[in-house]
Amino acid sequence: MATIAQPLPGTRIEQPKPGLQIGKYFRWSVDHKIIGVQYLALAFTFFIVGGTLAMGIRWELLTPATDLMASGTAYNQLFTMHGTIMIFLWIIPALAGFGNYLVPLMLGAKDMAFPWLNALAFWMIPPAGILLILGYFAGQAEAGWTAYPPLSILYSPGNGQTMWAVAIHLLGLSSILGGINFIVTIRNMRPEGMGWFDMPLFVWAVLATSIIIVLATPFLAGALTLLILDRVAGTSFFNPANGGSVLLWQNVFWFYSHPAVYIMVVPAFGMLSEMLSIHSRKPIFGYRAIALSSLAIALLGFLVWAHHMFTSLTPALRVPFMITSMIIAVPTGIKIFSWIATTWGGRIRLNSAMLFSLGFLSMFVIGGISGVMVAAIPFDIHVHDTYFVVSHFHFVLYGGTVLAIYGGIYHWFPKITGYMLNERLGKWHFWLTWVPFFFTFFPMHMAGMLGMPRRVAVYAPEFQALNQVISISAFVLGLSTFILIYNIVWSLWKRKVVAGPNPWRALTLEWNTSSPPPAFNFYGDPVPFRDPYGYGTKEAWDYLKEQAQELGPSYPANQPPEKAHPVALAPAAGD
Amino acid sequence: MTLNQDRIERPLTREEQIALKNKRTGITVFQISWILVFVCLVVVYFQLRSEQVVWPPAGVQPAALLPGLLATAALFASAALVWRGLKTARAGHLHGLMQQWLVALALGVAFVVIAGAQWSAMSGDNAYGMVFRVMVGYHLLHAIVIAIYMAAVLRSVRTGHVTVRDLWPAEAGARLWYFVVAAWVLFFVPLYLV
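Line by line, the protein sequences are chains V and G. For the first sequence, our numbering assigns the number 42 to the initial residue and increments by one for each residue that follows. For the second sequence, our numbering assigns the number 2 to the initial residue and increments by one for each residue that follows.
Read the hints as simulated data drawn from the structure, not as lab findings. Treat the hints loosely; a few may be bogus.
As the list claims (entries may be wrong) - Covered stretches of chain V (chain G as the covering partner; in silico rule of three or more C-beta atoms under 8 Å from a C-beta of chain G): (1) 249-263; (2) 283-291.
What the hints assert, rightly or not - Listed next, the in silico DSSO-like pairs over lysine-lysine satisfying Cα-Cα at most 30 Å (straight line): (3) V:Lys151 / V:Lys586; (4) G:Lys24 / V:Lys65; (5) V:Lys65 / V:Lys537; (6) V:Lys151 / G:Lys22; (7) V:Lys151 / V:Lys537; (8) G:Lys88 / G:Lys24; (9) V:Lys151 / G:Lys24; (10) V:Lys468 / V:Lys537; (11) V:Lys151 / V:Lys65.
Even for Gly, the Cβ is constructed at its ideal location relative to N, Cα and C.
Isolated chain G (complex conformation):
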């Protein structure tokens, strides 16, 4: 067995299993912690809103619902593809992962473009615009960084650095993308629906 084959086919050692368990627990705890920054911004939104007589303030147009819905749909679709791609890879088909993640990334870009357009069209000179821009901007920052990470994972799959035996980089990317979706739901409800 060559060194490379060994790397691909050998089952995980006990140390590697513990390391994987640590990574999974670690990223879960990180996500629980970091989502609270988004919760904090939701609290900020509601407190500012509660101190205004009219919301959004008089003369300020709220963000349009339809583009928001489109962006949300794109994001949900991308998350579904990310999930399916990872499932395919776990079944041993890395090619399927690549195909589905490429489409997922394209949908992610669509989300960023739509939400980004709303972000740039919103004026920040009033309480509503200010909090909208900070919330959406903060979310977009996360979406862009995590999408770049997922693109890097795809590159690693192509070059053979991510294998069926060790799918952790892809799993981490998927978990982070689900985080992007969860964080967006947290923001979408107060910003567009309530």
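The following block holds chain V by itself, in its conformation from the complex:
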């Protein structure tokens, strides 16, 4: 497998600079590109907030006794807010940001189907986030992000828990509106000649995610409505003393929240398909299998919710849910093997986007394997509510999704801003994320297997050594985020290396316009390339050459494959 030591950033220095108008990102706009950036920026801000709370958790757990937190209640509030912010205000909105920015561009459309609704869906998020955080002044929510009754009903006296429920309700509604918009856009606004199986895989992933959103989130809305009524209107849906049921919440909540895991992962799968193919300079392996496996995951995701309830579930129902939970590994495995096959024999550019993509592959696989482990009833009962579970979902959501988001930032930043990010800093960012990530979350498997429960501020002294390794790694991991922030600020305001329209020599439509794209995205009606992943062919080279003539070059200028890469005779390799 050949690699290119020097990544292929198509960069030119001191070219005409795209203007940066920061103010427009703070105003109401119906332009999907602005809304996409708004999502990304807001989500990243909440990531910093949620990450700071995570640092607080890890600081507290440096010693077995309480030290940073005044009480167990304060610690409960800390992890409740950390989980809620990371899921509902970071990962989901960040992926929605990529979707908003990229889907219309990839489809050659001028905007989303409902631009005004798109803006409305975004602007529901800031008030929800503020409401959530304001809970700190009203007795913060303390029942975890899962808000299990009776904790969220009888043992969360402050108004913060009600504010939490209202905020999540708003975020859910925003999510549904966004999902509807994506489905309509993808169904109705593809350009002529672009069939379902000609769409980029990221668009497939957003479609599958949107289907999950519109089918699952209403159950969260129903559950939250009842939770709010229990808290403010005197009903007792979740209080068995008055005819209610605590298991009712668990069933309805997980009917949403397990599919929600795929809401948080499937778009990242889509991003990975794009990045791995482009930076391996090879056609994607198993296009249809990857596309359809996204839909399979969306469907199967609705059949597994009760594996979160193995310890409280009727024993007869455990085995069917164990089987469905394990089956979901099949479409996921199809993707993993397809991605590996995509990179196999490619001329890999080990740039930041590719490194994060490979980082995703390595860490997500660990999360997937531990997922199969906790799908097994006897093992799950042993590790239920321990740090093993914490480790599992962080390998999926951080080792998977967050690394994909980082990769996506490096990959699409040139398109969004018109400027390149610094590669050296990008690589520092990768290594200082990937290694500490492993040492933060892998030892949690051991802590969990040895019996350390999650959601406790005070733990048995024998776990201290493991927790110190975890906490110190977590601090490094937290600090590494600032490398990306510095890189973004420096690249935008000081470094200013202009990207050109298509610095990665990609074939999907978002690269067939200037960087950043103009209002309404394209200068005419864009014509999609026959195969969005047809790298290494003469046709692709001709297409890219024509594109450069039309839009201006990206550096270095395109060259015939045989001149640029003497080994391009290898199957499917080359620009």
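Add chain G to chain V, keeping to what the hints say.
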């Protein structure tokens, strides 16, 4: 041709056709999504019911069937009139739409009054009453809001803002009213029949 005539008689442009297609797809997806909140409440009903030895709990009177049937009949009749009204309008007779929708709205009000009376008569201090009140109340909320929207559409027809050329507001109102009917059927079966 005056500007107003142009607005009424000109065929839809390609952009307008795409916009209409988007609206139709959008509202369909929205309805599929939102009906699931009602399905969720049905699930809630059955789970609460499954955990009780006697249903409704001892000493609690279930909602009377006859008023429920009357309300349902009114709702079905109103939906039929909404459908006929829209069909008439598509044939170019906006006056027919107005007449039939006015009767449909009156039937809708009758539904709200009957179901509302049952809602207010039910005590919420037991599991059955609690879930009945939430389900029927939630449905009534939708019925009232959508009826108000339909009344606004009628007003727009009268003022000439909805024309035969662009019947989307009326079509949206009709689709939403069918949604009210479908949601009521979902609730009626467990609450009154099973």
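Quiz item: When the hints from earlier in the document are held up against this structure, which numbers fail?
Solution: none
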